[in-house]
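Peer 1: Chain residues, written in single-letter form:
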Amino acid sequence: MNKLEVEFAGVKFKNPVTVASGTFGFGEEYGEFYPLSELGGICVKGLTRHERQGNPPPRIAETPAGIINSVGLQNPGVEGFIARYLPELKKADTNIIANISGNTVEEYAEMAEMLSEAGVDMIEVNISCPNVKAGGLAFGTVPESAAEVTGAVKRAAKVPVMVKLSPNVRDIAEIARAVEAAGADAISLINTILAMRIDTATRRPILKNNTGGLSGPAVLPVAVRMVWQAAAAVKIPIMGMGGVSCGDDAVQMLLAGASLVSVGTACFADPFAPVKVRDGIAEYMEKYGVSRVGELTGAIILN
Amino acid sequence: MALTEICRIIRNERIAEGVFDMRLESLEIAALASAGQFVHVACPGYTLRRPISVCSAGEGELRLVYEVRGRGTAALSKLLPGDTADILGPLGRGYPELSGHILAVGGGIGAPPMLGLAASADLASAVLGFRNAGKAILIPEFESICARLEVATDDGSLGYKGTVLPAAEKILSEENISAVCACGPKIMLKNLAALCAEKKVPLYVSLEERMGCGVGACLVCSVKIKTADGWKYERVCRDGPVFAAEEVCWDE
Numbered sequence: 001m002n003k004l005e006v007e008f009a010g011v012k013f014k015n016p017v018t019v020a021s022g023t024f025g026f027g028e029e030y031g032e033f034y035p036l037s038e039l040g041g042i043c044v045k046g047l048t049r050h051e052r053q054g055n056p057p058p059r060i061a062e063t064p065a066g067i068i069n070s071v072g073l074q075n076p077g078v079e080g081f082i083a084r085y086l087p088e089l090k091k092a093d094t095n096i097i098a099n100i101s102g103n104t105v106e107e108y109a110e111m112a113e114m115l116s117e118a119g120v121d122m123i124e125v126n127i128s129c130p131n132v133k134a135g136g137l138a139f140g141t142v143p144e145s146a147a148e149v150t151g152a153v154k155r156a157a158k159v160p161v162m163v164k165l166s167p168n169v170r171d172i173a174e175i176a177r178a179v180e181a182a183g184a185d186a187i188s189l190i191n192t193i194l195a196m197r198i199d200t201a202t203r204r205p206i207l208k209n210n211t212g213g214l215s216g217p218a219v220l221p222v223a224v225r226m227v228w229q230a231a232a233a234v235k236i237p238i239m240g241m242g243g244v245s246c247g248d249d250a251v252q253m254l255l256a257g258a259s260l261v262s263v264g265t266a267c268f269a270d271p272f273a274p275v276k277v278r279d280g281i282a283e284y285m286e287k288y289g290v291s292r293v294g295e296l297t298g299a300i301i302l303n
Numbered sequence: 304m305a306l307t308e309i310c311r312i313i314r315n316e317r318i319a320e321g322v323f324d325m326r327l328e329s330l331e332i333a334a335l336a337s338a339g340q341f342v343h344v345a346c347p348g349y350t351l352r353r354p355i356s357v358c359s360a361g362e363g364e365l366r367l368v369y370e371v372r373g374r375g376t377a378a379l380s381k382l383l384p385g386d387t388a389d390i391l392g393p394l395g396r397g398y399p400e401l402s403g404h405i406l407a408v409g410g411g412i413g414a415p416p417m418l419g420l421a422a423s424a425d426l427a428s429a430v431l432g433f434r435n436a437g438k439a440i441l442i443p444e445f446e447s448i449c450a451r452l453e454v455a456t457d458d459g460s461l462g463y464k465g466t467v468l469p470a471a472e473k474i475l476s477e478e479n480i481s482a483v484c485a486c487g488p489k490i491m492l493k494n495l496a497a498l499c500a501e502k503k504v505p506l507y508v509s510l511e512e513r514m515g516c517g518v519g520a521c522l523v524c525s526v527k528i529k530t531a532d533g534w535k536y537e538r539v540c541r542d543g544p545v546f547a548a549e550e551v552c553w554d555e
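Which chain is which? The protein sequence lines are A and B, in order.
Here this note's numbering is used: the first residue of the first sequence is 1, the next is one more, and so on.
Here this note's numbering is used: the first residue of the second sequence is 304, the next is one more, and so on.
Just so you know, the hints here were simulated from the structure itself, not pulled from any lab data.
Backbone N, C-alpha and C define an ideal beta-carbon position, used for all residues, glycine too.
Among these hints, one or two may not hold up.
Cβ pair distances, simulated, as ranges [claimed, not checked]:
#1 B:Ala531 with A:Pro56: 32 to 38 Å
#2 A:Glu32 with B:Pro443: 57 to 63 Å
#3 B:Asn494 with A:Thr104: 27 to 33 Å
#4 B:Asn494 with A:Pro56: 38 to 44 Å
#5 A:Asn210 with B:Lys493: 23 to 29 Å
#6 A:Glu32 with B:Ala500: 34 to 40 Å
#7 B:Ala500 with A:Gln53: 21 to 27 Å
#8 B:Gly363 with A:His50: 47 to 53 Å
#9 A:Met196 with B:Ala377: 47 to 53 Å
Sample of chain A residues at the chain B side, in silico, Cβ under 10 Å [claimed, not checked]:
#10 Gly25
#11 Phe26
#12 Glu28
#13 Ser37
#14 Gly66
#15 Asn69
#16 Gly77
#17 Gly289
#18 Ser291
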């Protein structure tokens, strides 16, 4: 077994580095920089049952060591994705993780069924998008509704189900336990942190949507803390994300309890960031004599 | 095709109020870039790159003329010859291949990409607009390559007082212009679109929007583009930045 290989919720990943939903489109663009087979997996741009145009621009603002965005789930809809993008993605030797957001529990289930049949490797259930009015975050902040969505997707899906959690909650452990009890095969966290930036000259928020989700290096310590708290609460594996930009950031996530990491905003600064993160993990393992990356998961030594 | 290149800075000088002229050594990106494309420049200490139009590209050298808009571009303006800059590019769809007499219209920091465009045309004329004489850039260079050049300023401190429109209209009436290419404030582009529609001359405009990845993956730099049954969002960074003016929904 390759020392970077990870078995995650029954799916084999050649390395623990994936790319985060919404930062990598459907792989077409970054696939021009390096073969997508370099990656452990791709969490594709968030999908909804039907095509969505998303929020009006501006949709992005830079903040200290990060960005806030309010794309609002612009996507071609599940059918559009399956017809136009999935065939090409499937040719790449990497795991395809479909990220879904629904307006209703039924929509989530329907999408999970369609995508399972279309042949994705895993489904990531987005109950944590801060940028849409219906769905998304509305499902992710209350344990009962998070569990209800998870249960419905689980019954409809034929592939492993991972639930993406929001940091905008009172108690991350409570939500993590609720989705685990409802049958989730894995969890991913964190989605973006609800944020705002104001242009003082005009006194208006820069984002047309007023608020957006914060990501990038600024959120890494929050994400590491929440992954650590979630890992203590559940037995299912965790994909850790939030501000990972280099190998050391990724190793922090693994030590906190993640089995996989996802690279997002770092791609905007450097298209090669996911590949460099993977190489950085390998260098760390070499330096500290770690023979299998799985040994790092949860290997934090608390004070 | 885009790539990343660590480029040595040859010069980075202030040429007008808040405007800098940066020359970079570039073997690869300079060879690939065409008029209207942009590069995404890493600003030391900032998360996002800054999209900057290519002013000109040739013989191992990339020229970027940019305005200091905020802290990122301010950091960029502090770089010295001999320092390096991390450049991603060339990106986006530039101006189409055009023949005949082209009219280039540049407003403010929209002027630099028009220089490369004018240089690549068989025959070009230009109209440039600036806030005032202190903000005016690249005028001698446009003069040396353009059949006709008109300059307008908001306060009349250079050229005539007013917008680029009257001069554009005059040149369109007097010359046999095959296409107009423009870059500048949205209101200028919108008014120019109305003028070119009336004169039945094709207009290509370079649009701007706050940008993330620059390669088309993150969908933040969306702009409304007309479709047969309404509109859709397209990406300034990938589908643009140059669009045919009649495709653009101007009233957004």
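Peer 1: Does asparagine 69 of chain A hold up as a contact with chain B if the rule is Cβ-Cβ below 10 Å?
Peer 2: Check passed: Cβ of asparagine 69 of chain A comes within 6 Å of chain B, closer than 10 Å.
Peer 1: Using the nearest Cβ pair, does glutamate 28 of chain A come within less than 10 Å of chain B?
Peer 2: holds, 8 Å
Peer 1: CB of alanine 500 of chain B to CB of glutamine 53 of chain A, is that within 21 to 27 Å?
Peer 2: holds, 26 Å
Peer 1: Just tell me: holds or violated, for the beta carbon distance of glutamate 32 of chain A and alanine 500 of chain B against 34 to 40 Å?
Peer 2: holds, 36 Å
Peer 1: Taking 10 Å as the limit, does the beta-carbon of phenylalanine 26 of chain A come near enough to a beta-carbon in chain B?
Peer 2: holds, 9 Å
Peer 1: Using Cβ atoms only, decide whether glycine 289 of chain A comes closer than 10 Å to chain B, and label the hint accordingly.
Peer 2: At about 33 Å, which exceeds the 10 Å cut-off, the nearest Cβ of chain B leaves the hint on glycine 289 of chain A violated.
Peer 1: Closer than 10 Å between Cβ atoms is the bar; does serine 291 of chain A clear it against chain B? Give me holds or violated.
Peer 2: Hint on serine 291 of chain A: violated, closest Cβ of chain B at ~33 Å, above 10 Å.
Peer 1: Please check whether asparagine 210 of chain A and lysine 493 of chain B have a Cβ separation lying inside 23 to 29 Å.
Peer 2: The hinted range 23 to 29 Å holds for asparagine 210 of chain A and lysine 493 of chain B, with Cβ atoms some 26 Å apart.
Peer 1: Taking the Cβ atom of glycine 363 of chain B and the Cβ atom of histidine 50 of chain A, is their distance within the range 47 to 53 Å?
Peer 2: Holds - the Cβ-Cβ distance for glycine 363 of chain B and histidine 50 of chain A, about 50 Å, lies within 47 to 53 Å.
Peer 1: Was the hint right that serine 37 of chain A lines chain B, CB cutoff 10 Å?
Peer 2: violated, 18 Å
Peer 1: Using the C-beta atoms of asparagine 494 of chain B and proline 56 of chain A, is the stated range 38 to 44 Å upheld?
Peer 2: violated, 22 Å
Peer 1: Would you check whether glycine 77 of chain A satisfies its interface hint, that is, whether its CB is within less than 10 Å of any CB in chain B?
Peer 2: For glycine 77 of chain A, the interface hint is violated, since the closest Cβ of chain B sits about 13 Å away, which is over 10 Å.
In summary, the structure is inconsistent with hints 1, 2, 3, 4, 9, 13, 16, 17, 18 from the numbered list given earlier, while agreeing with the others.
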